[in-house]
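Student: Taken in sequence, the protein lines are chains A and B.
Note that my numbering has the first sequence beginning at 93, numbered continuously upward.
Note that my numbering has the second sequence beginning at 190, numbered continuously upward.
Just so you know, the hints here were simulated from the structure itself, not pulled from any lab data.
All C-beta atoms in this analysis are idealised placements derived from N, C-alpha and C, irrespective of residue type, glycine included.
Just so you know, not all the hints are guaranteed correct.
What the hints assert, rightly or not - Simulated crosslink set (SDA-like; lysine to any residue; CA at most 20 Å straight-line):
id	chain 1	residue 1	chain 2	residue 2
1	B	K263	A	S248
2	A	K108	B	I316
3	A	K246	B	F363
4	B	K333	A	S166
5	B	K263	A	I225
6	B	K263	A	R161
7	B	K253	A	R161
8	B	K406	A	D170
9	A	K246	B	K253
10	B	K414	A	L169
11	B	K263	A	D170
12	B	K515	A	L420
13	A	K108	B	K253
14	A	K246	B	I316
15	B	K515	A	S166
16	B	K406	B	V351
17	B	K253	A	S248
18	B	K512	B	I316
19	B	K263	A	R333
20	B	K263	A	S407
21	B	K263	A	A406
22	B	K263	A	G250
What the hints assert, rightly or not - Simulated restraints on C-beta separations:
id	chain 1	residue 1	chain 2	residue 2	range
23	B	D237	A	V222	18 to 26 Å
24	A	L404	B	T274	35 to 43 Å
25	B	Q255	A	F453	38 to 46 Å
26	A	L367	B	P546	54 to 62 Å
27	A	V160	B	P449	48 to 56 Å
28	B	T254	A	P402	46 to 54 Å
29	B	S233	A	F453	49 to 57 Å
30	B	T226	A	V160	52 to 60 Å
31	B	E258	A	P302	38 to 46 Å
32	A	L418	B	E258	32 to 40 Å
33	A	L404	B	R454	51 to 59 Å
34	B	A532	A	L367	26 to 34 Å
35	A	V349	B	Q463	30 to 38 Å
36	A	I410	B	E258	46 to 54 Å
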Amino acid sequence: MTANAPAVTRQQVRQKRVTARIGNWLLGTNAALIFGFLYLPVVILIIFSFNNTRSVARFTGFSTEWYVRLANNSELLDAARNSLLVGLTTTIVATAIGTLTALAMDRYRFRLRTAFDANLYLPIVIPEIVMGISLLLFFNQALFPLLQNVFGIKASTGLHTITISHIAFDIPFVYVIVRARLADFDRTLEEAAADLGADEWKTFQRVTLPLLMPGIIGGALMAFTLSLDDYLITVFTKGVREQTMPLYIYSLVRRGVTPEINALSTALLIGSIGLVGLSLTAQNGGVVYTRAMSVGAGLGLGLYGLFSLPTLFASFTIGGLVLRLLLLAAFVWMWRSYQPYREELNLTNPSGRILAWITMFVTVSVVFLSTLLLLG
Amino acid sequence: MNKTLIYIFILVSLTLAACQPATSAPTEPPAGGGETTERCGDKSQLADEIFLYTWVEYIDPDLKTQFEEECGVKVTETNYDSNETLLATLQAGGAEYDIIVPSDYMVQILIDEGMVQELDYNVVTNIKNMEPLNVNQYFDPDQKYTVPWFWGTSGFAVDTSVVTDVKPSWDMMFDTNSPYCGKMSMLDDERETIGAALMSLGYSINDTDPAHLEEAKNRLIEQSKCIKAYDSQTNDDLIISGETVLGHMWTGDAILAGSPDAGGREEIQYVIPQEGCTIWQDNMMIPTGAPNPYTAMVFMNYLQYPEIAAQNAEWVGYATPNKAAKEFIDPDMLTNEAIYPSAEVAESLQWIEDVGPALELYDRIWTEFKAAVGSQ
């Protein structure tokens with residue numbers, strides 16, 4: 093028995109090594125296939141945005157003409173702007189409501205709680221087309237007549253109804269994600285904060301919210317994506333004045349999709365990769381990057397405010413004036429974040445300093461360009 | 190983070206508020222001090238803005254600007270992807286469009302459903318400019334509801350670098366001893382594909398005789414061994430890349446496939462078979478309950494002045510039904526028989542009409558054919 097033991101071990105070791113090698117190889121192939129499956133279409137999409145003819149199936153030569161055309165296609169840019177506007181508003185509102193609902197459902201016991209909980213999942217389960225039609229009926233048969241008869245306001249569908257509908261179907265998604273995060277939330281941390289003298293608001297601000305943040309951000313990203321590419325619900329709740337990007341792209345089917353769409357997708361992709369990169373840097377790299385982003389955002393908004401002042405004088409409106417003043421107020425915000433930013437910068441090593449400045453400049457350009465797209 | 194969110198939220202809600210339609214109550218300004226011009230009609234009766242719901246890229250943006258400058262009416266355009274989407278939107282109610290652009294068969298449905306209103310041809314006087322081919326057709330026999338907008342056909346495209354003996358006949362597509370057997374594609378469309386077989390046999394595209402349909406089915410099954418693909422979406426790419434040399438195709442795709450500017454090859458020509466060929470037409474109409482019918486009619490009329498119709502036809506690339514516009518159109522485009530077929534060819538064109546209860550027969554023939562050739 094003892095004599096055989098080393099031989100068996102050696103054989104076992106060899107076997108293990110082979111298994112491990114096969115396992116590694118399989119895992120590697122699997123990973124490569126998954127990444128290929130996910131990213132190859134995106135790479136192809138980007139390549140075809142540089143095609144020199146209108147084909148999205150055969151590459152005939154390099155050109156940037158589609159980016160030039162995109163910059164001049166006001167219909168498509170309008171649609172993209174509407175999509176961003178709806179997406180941003182939806183994300184903010186749906187994330188706030190979804191998070192608060194999740195907290196309430198997690199912390200409190202009340203009558204019909206289970207029924208209410210089940211109801212919240214309904215928008216995820218029911219087909220989108222049913223949701224679209226029911227929302228349309230709600231607007232046309234209930235809300236608008238009510239507004240008309242009680243308040244004398246004549247309302248019609250438009251971007252606002254699209255936004256309300258998107259908020260309605262996005263809330264459950266945020267709710268589910270935040271609820272999952274809350275499931276393994278350690279309540280003792282909150283008790284510890286209370287022990288140390290923090291009041292409830294402070295506890296929420298300093299302990300609960302930061303711990304929930306990954307769930308909230310995940311929910312917000314989900315909400316934004318769902319809103320950005322929704323077609324069915326939008327088609328039912330849209331008005332006569334504006335359309336969103338998916339509606340425009342679907343309508344291209346008749347005339348054929350051109351690389352212009354690829355160019356727009358590439359621009360959006362680079363924008364979102366930039367934003368994700370920025371937020372990752374901010375999360376992992378410490379407070380100096382957050383401050384750099386804050387300064388950058390203030391500067392970007394302020395600069396846009398400054399540049400758009402002449403258009404205000406061209407056609408004066410009160411709303412426009414308030415908007416410009418708000419934009420210019422961003423300068424104050426930048427000024428107030430600049431001092432702590434410099435202090436932080438002094439504590440950072442040289443390479444970190446360079447990275448912080450890069451972060452700031454990227455933020456300035458992203459904020460400036462997206463404000464231009466949204467308001468320009 | 191919180192502060193940033195609040196700032197963004199305020200910004201977004203302000204912009205949303207700024208985007209809201211400010212004008213909703215008085216759509217037609219009060220009469221009085223009327224100034225009447227030829228192209229703009231009675232200016233005192235014009236609304237400030239009209240809403241156009243149309244196919245994408247169906248109107249030159251410069252013409253919208255020109256109309257706004259000349260007549261003071263802003264034209265706001267949104268797009269749909271199919272006639273069915275248009276129908277669904279109108280049926281849902283709530284969306285008040287001034288002008289819609291349905292295709293022939295949808296015109297008939299909309300009239301039957303009472304969803305469109307009669308036009309006043311004292312306003313749309315330019316209806317006199319139309320070719321006889323394009324007016325008083327089956328969907329609007331008394332020409333009471335429509336102004337023809339664009340039209341086209343569906344014959345087949347030929348790669349003349351391979352196929353030398355081009356005959357304007359369906360025999361080219363249905364000859365099973367042809368040297369090009371295996372390098373052909375047919376549309377994947379119930380009425381179009383069965384229609385091609387019916388016309389190749391010398392029957393009408395709207396034939397409802399079960400024996401004739403059976404014959405057509407057998408012809409299609411026999412032909413199927415030569416067909417590489419039944420495809421309506423990428424059939425133009427197939428012929429450009431040389432995978433097929435003969436392809437049953439809609440005009441728009443065939444013209445693109447034949448123009449080097451659009452990534453096609455000059456050798457690809459479009460043929461209208463002499464036995465008969467489908468004709469389609471998109472028409473401007475005014476839905477019932479449109480807020481500004483008078484302004485809509487002025488705009489429809491405006492677009493049919495010869496120079497304007499010519500400019501738009503060149504921008505869109507489809508055939509205009511406007512006879513008077515032809516002297517202003519680029520002669521190269523005018524002599525392209527794929528776009529403007531000669532008079533004798535035009536006579537053989539056939540409309541796809543509603544076959545009534547025989548549609549069930551068509552469905553059965555189509556299913557049997559699909560089952561026989563495998564689910565392609």
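Student: Do the beta carbons of A/L367 and B/P546 sit within 54 to 62 Å of each other?
Tutor: Since the Cβ atoms of A/L367 and B/P546 sit about 58 Å apart, the hinted range of 54 to 62 Å holds.
Student: For the pair supplied as a hint, B/K263 and A/G250, is the alpha-carbon distance within the 20 Å limit?
Tutor: holds (18 Å)
Student: Are A/L404 and B/R454 spaced within 51 to 59 Å by their CB atoms?
Tutor: Given a distance of about 52 Å, which is inside 51 to 59 Å, the answer is holds.
Student: If you draw a straight line from the CA of B/K406 to the CA of A/D170, is it 20 Å or shorter?
Tutor: violated (47 Å)
Student: Given the proposed pairing of A/K108 with B/K253, does the C-alpha separation stay at or below 20 Å?
Tutor: Distance of about 74 Å is beyond 20 Å: violated.
Student: Given the hint that A/K246 pairs with B/F363, does the C-alpha gap stay at or below 20 Å?
Tutor: violated (60 Å)
Student: Taking the CB of B/E258 and the CB of A/P302, does the distance hold inside 38 to 46 Å?
Tutor: violated (56 Å)
Student: Does the alpha-carbon distance linking A/K246 and B/I316 stay inside the 20 Å limit?
Tutor: Violated, because 36 Å separates the two Cα atoms, which is more than 20 Å.
Student: B/K515 and A/L420: Cα distance at most 20 Å?
Tutor: Distance ~55 Å between B/K515 and A/L420 Cα, so the pair is violated.
Student: Between B/K263 and A/D170, is the straight-line Cα distance small enough, at 20 Å or below?
Tutor: With Cα atoms ~16 Å apart, B/K263 and A/D170 stay inside 20 Å; holds.
Student: Hint says 18 to 26 Å; check whether the CB-CB distance for B/D237 and A/V222 agrees.
Tutor: violated (37 Å)
Student: Is 52 to 60 Å a correct range for the gap between the Cβ atoms of B/T226 and A/V160?
Tutor: violated (37 Å)
Hint compliance for this structure: hints 2, 3, 4, 5, 6, 8, 9, 10, 12, 13, 14, 15, 16, 17, 23, 27, 28, 30, 31, 34, 36 are not met, and every other hint is.
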